[in-house]
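Enquirer: Protein chains in written order, with my numbering: chain A, 1 to 302; chain B, 303 to 578.
Bear in mind the hints are in silico, worked out from the structure with no lab data behind them. Misleading hints may appear alongside valid ones.
The following label-pair restraints were derived from C-beta to C-beta distances [unchecked claim]:
1. A:Glu-203 to B:Asp-367: 41 to 49 Å
2. B:Val-370 to A:Glu-203: 54 to 62 Å
3. A:Val-124 to B:Leu-411: 25 to 33 Å
4. A:Leu-121 to B:Pro-488: 44 to 52 Å
5. B:Trp-356 to A:Lys-119: 32 to 40 Å
6. A:Leu-62 to B:Val-370: 53 to 61 Å
7. B:Asp-347 to A:Tyr-209: 21 to 29 Å
8. A:Met-68 to B:Arg-339: 51 to 59 Å
9. B:Leu-319 to A:Leu-155: 16 to 24 Å
10. B:Glu-469 to A:Ala-44: 53 to 61 Å
11. A:Lys-119 to B:Leu-467: 27 to 35 Å
12. B:Arg-343 to A:Ser-73: 39 to 47 Å
13. A:Trp-118 to B:Val-433: 48 to 56 Å
Example chain B residues on the side facing chain A (calculated, C-beta under 8 Å, incomplete) [unchecked claim]:
14. Phe-337
15. Pro-340
16. Ala-393
17. Val-553
Note that beta-carbon positions come from the ideal geometry of N, C-alpha and C, so glycine has one too.
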Amino acid sequence: MSALAHVPTSAGKPAPPPVRRGRNRLLPYLLLLPGAAWLLVFFALPLVQLASASLYDPAGSLSTGYAMTWAFSNYPDALQAYWPQFSRSFLYSAIALVLGLLMGYPLAYAIAQKAGRWKNLLLVAVVAPMFTSFLVRTLAWKTILSDNGALVGLLRDVHLLGPDGRLLATPVAVVLGLTYNFLPFLVLPLYASLERLDPRLLEAASDLYASPVRAFAKVTLPLSMPGLIAGTLLFFIPATGDYINAELLGTPSEYMIGNVIDSAFLVRLDYPQGAALSFLLMAAILAIVFVYLRRAGTEEVL
Amino acid sequence: MKARRWLADRWVMGVALLVLGYLTLPIMVVAGLSFNRPSSRLSYDFNEFTLDNWKQPCATSDMCDAVVRSMQIGLIATVASTILGTLMAFALVRHSFRGRSGLNGLIFLPMATPELVMGTSLLALFVAAGVPQGFWTIVIAHVMFCMSFVVVTVKARLSGMDRRLEEAAMDLYASEWQTFRRITLPLVLPGIVAAALLAFSLSFDDFIITNFNAGTTVTFPMYVWGASQRGIPPQVNVIGTAMFVIALLLVGATSLRGRRARRAALAVVATPAGKP
Numbered sequence: 001m002s003a004l005a006h007v008p009t010s011a012g013k014p015a016p017p018p019v020r021r022g023r024n025r026l027l028p029y030l031l032l033l034p035g036a037a038w039l040l041v042f043f044a045l046p047l048v049q050l051a052s053a054s055l056y057d058p059a060g061s062l063s064t065g066y067a068m069t070w071a072f073s074n075y076p077d078a079l080q081a082y083w084p085q086f087s088r089s090f091l092y093s094a095i096a097l098v099l100g101l102l103m104g105y106p107l108a109y110a111i112a113q114k115a116g117r118w119k120n121l122l123l124v125a126v127v128a129p130m131f132t133s134f135l136v137r138t139l140a141w142k143t144i145l146s147d148n149g150a151l152v153g154l155l156r157d158v159h160l161l162g163p164d165g166r167l168l169a170t171p172v173a174v175v176l177g178l179t180y181n182f183l184p185f186l187v188l189p190l191y192a193s194l195e196r197l198d199p200r201l202l203e204a205a206s207d208l209y210a211s212p213v214r215a216f217a218k219v220t221l222p223l224s225m226p227g228l229i230a231g232t233l234l235f236f237i238p239a240t241g242d243y244i245n246a247e248l249l250g251t252p253s254e255y256m257i258g259n260v261i262d263s264a265f266l267v268r269l270d271y272p273q274g275a276a277l278s279f280l281l282m283a284a285i286l287a288i289v290f291v292y293l294r295r296a297g298t299e300e301v302l
Numbered sequence: 303m304k305a306r307r308w309l310a311d312r313w314v315m316g317v318a319l320l321v322l323g324y325l326t327l328p329i330m331v332v333a334g335l336s337f338n339r340p341s342s343r344l345s346y347d348f349n350e351f352t353l354d355n356w357k358q359p360c361a362t363s364d365m366c367d368a369v370v371r372s373m374q375i376g377l378i379a380t381v382a383s384t385i386l387g388t389l390m391a392f393a394l395v396r397h398s399f400r401g402r403s404g405l406n407g408l409i410f411l412p413m414a415t416p417e418l419v420m421g422t423s424l425l426a427l428f429v430a431a432g433v434p435q436g437f438w439t440i441v442i443a444h445v446m447f448c449m450s451f452v453v454v455t456v457k458a459r460l461s462g463m464d465r466r467l468e469e470a471a472m473d474l475y476a477s478e479w480q481t482f483r484r485i486t487l488p489l490v491l492p493g494i495v496a497a498a499l500l501a502f503s504l505s506f507d508d509f510i511i512t513n514f515n516a517g518t519t520v521t522f523p524m525y526v527w528g529a530s531q532r533g534i535p536p537q538v539n540v541i542g543t544a545m546f547v548i549a550l551l552l553v554g555a556t557s558l559r560g561r562r563a564r565r566a567a568l569a570v571v572a573t574p575a576g577k578p
């Protein structure tokens, strides 16, 4: 799990100059060959196959075989059929991300700057939930949010929920689940960059009569940008493609695009449509990431 | 001013503890439910305390088969991705060659691609190539997505290493191979071990990519997914709790070992003429 904390830092660091330059010209290629070949064959090539599957004749079927007809209309057709689920994926992940930032920033800040000797213990507490199976934890939320559980009872008593109000099988449950599942991925890189923040900079800001809010906006926030960017991406990308939370904590009216793609490939066996939706999802995420990184202005993060 | 700062400190700490509670709550529920005798198959509420689930974790035998299968897949995927990823990390940190930045991109991409896209694209490839889905297609997929994490973890350790230790060994007439075995490898090993642990936990817990490439093979996450529609046996929570405890013990052990190694190193430095 420590690797997640390293992702943003090591990726941003320029590699030190290599030493054994020219001593054995073939060695680096020999070291790289097996791994790079694996990635080419089982990561890059499948993407090409997915792209071509998305252009198959939609009239074909898995049993009778598909004909390659360059059916570009698969894309608008798929989008038209599943626009609600598609946009819902981005809406839910965006809300979850905002909630995640509201929770994750104070947590990362507290661990990095205020925890003192409790630092390592608190870090373990952040990572520890990930040791238990993702699905088992998500199912635990079913118990926590259940209609006769303590939480719903409490919320009904204080009239935050009506007498028949519920949490499970609502958008609230799905967004809560998404926030919960991906929060550690946001906190760890944020922690990594906040940990390097020199507290003397904040003292200096305060000496120069900056209010705490101003010191945060002018010192803490800009210095934590690399971690913030890496963390939001590590949160947002998997959250948008997730369908476990919508399936386990929601109902079909909370379904996200992942649920549709899962059923297109594994239930309806409509490969052209599933492939087109997968590609649309990736294209949309790439576009958002690209715009976001341009606006955030730190190309070096990647 | 001082009172305000005190308040600000407490405020951040208070929020942080609440968030930690939010993160820990499901674990406590899983642990609690592992001692539950459910009132019905589809009930998720706590009904009655019992130790039966812990006494007979394999009462539902197909669950234990799935756990064993997940461990087999995890071990094979861990060994393969750790070896391939470590070799790549060495090449990327220690050598300059044409196409290095392109390769860095290729390694980064699987971490930035939604699992859903990786899963469906591999499925499309296997179907087009006529490869039957099962145990080995899961292994192939897991090696693929674990490798990037291994490369990143080992690279971080390698590039943080003091190169002068190796130079010193070479100056003392160690051959390149001796330097690698006696100096480089021991120094990188903690990074490799961390990468392997990460790879295993990623593989063991993966659902989305596995779901598209498993055929009829059932891993533990796939078992839980299937059972969530038919009713979850409480033994699932036993496995969840056990995984949590084992992982915590492993983390504790590695940090203890680290501390002992540091103490040993200090002892060597402090003892003037002695050998360790």
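Enquirer: Each hint: holds or not?
Expert: Status of each hint after checking the structure:
no.	hint	in the structure
1	A:Glu-203 to B:Asp-367: 41 to 49 Å	59 Å, violated
2	B:Val-370 to A:Glu-203: 54 to 62 Å	56 Å, holds
3	A:Val-124 to B:Leu-411: 25 to 33 Å	30 Å, holds
4	A:Leu-121 to B:Pro-488: 44 to 52 Å	28 Å, violated
5	B:Trp-356 to A:Lys-119: 32 to 40 Å	33 Å, holds
6	A:Leu-62 to B:Val-370: 53 to 61 Å	31 Å, violated
7	B:Asp-347 to A:Tyr-209: 21 to 29 Å	56 Å, violated
8	A:Met-68 to B:Arg-339: 51 to 59 Å	56 Å, holds
9	B:Leu-319 to A:Leu-155: 16 to 24 Å	21 Å, holds
10	B:Glu-469 to A:Ala-44: 53 to 61 Å	38 Å, violated
11	A:Lys-119 to B:Leu-467: 27 to 35 Å	28 Å, holds
12	B:Arg-343 to A:Ser-73: 39 to 47 Å	45 Å, holds
13	A:Trp-118 to B:Val-433: 48 to 56 Å	51 Å, holds
14	Phe-337	13 Å, violated
15	Pro-340	10 Å, violated
16	Ala-393	4 Å, holds
17	Val-553	6 Å, holds
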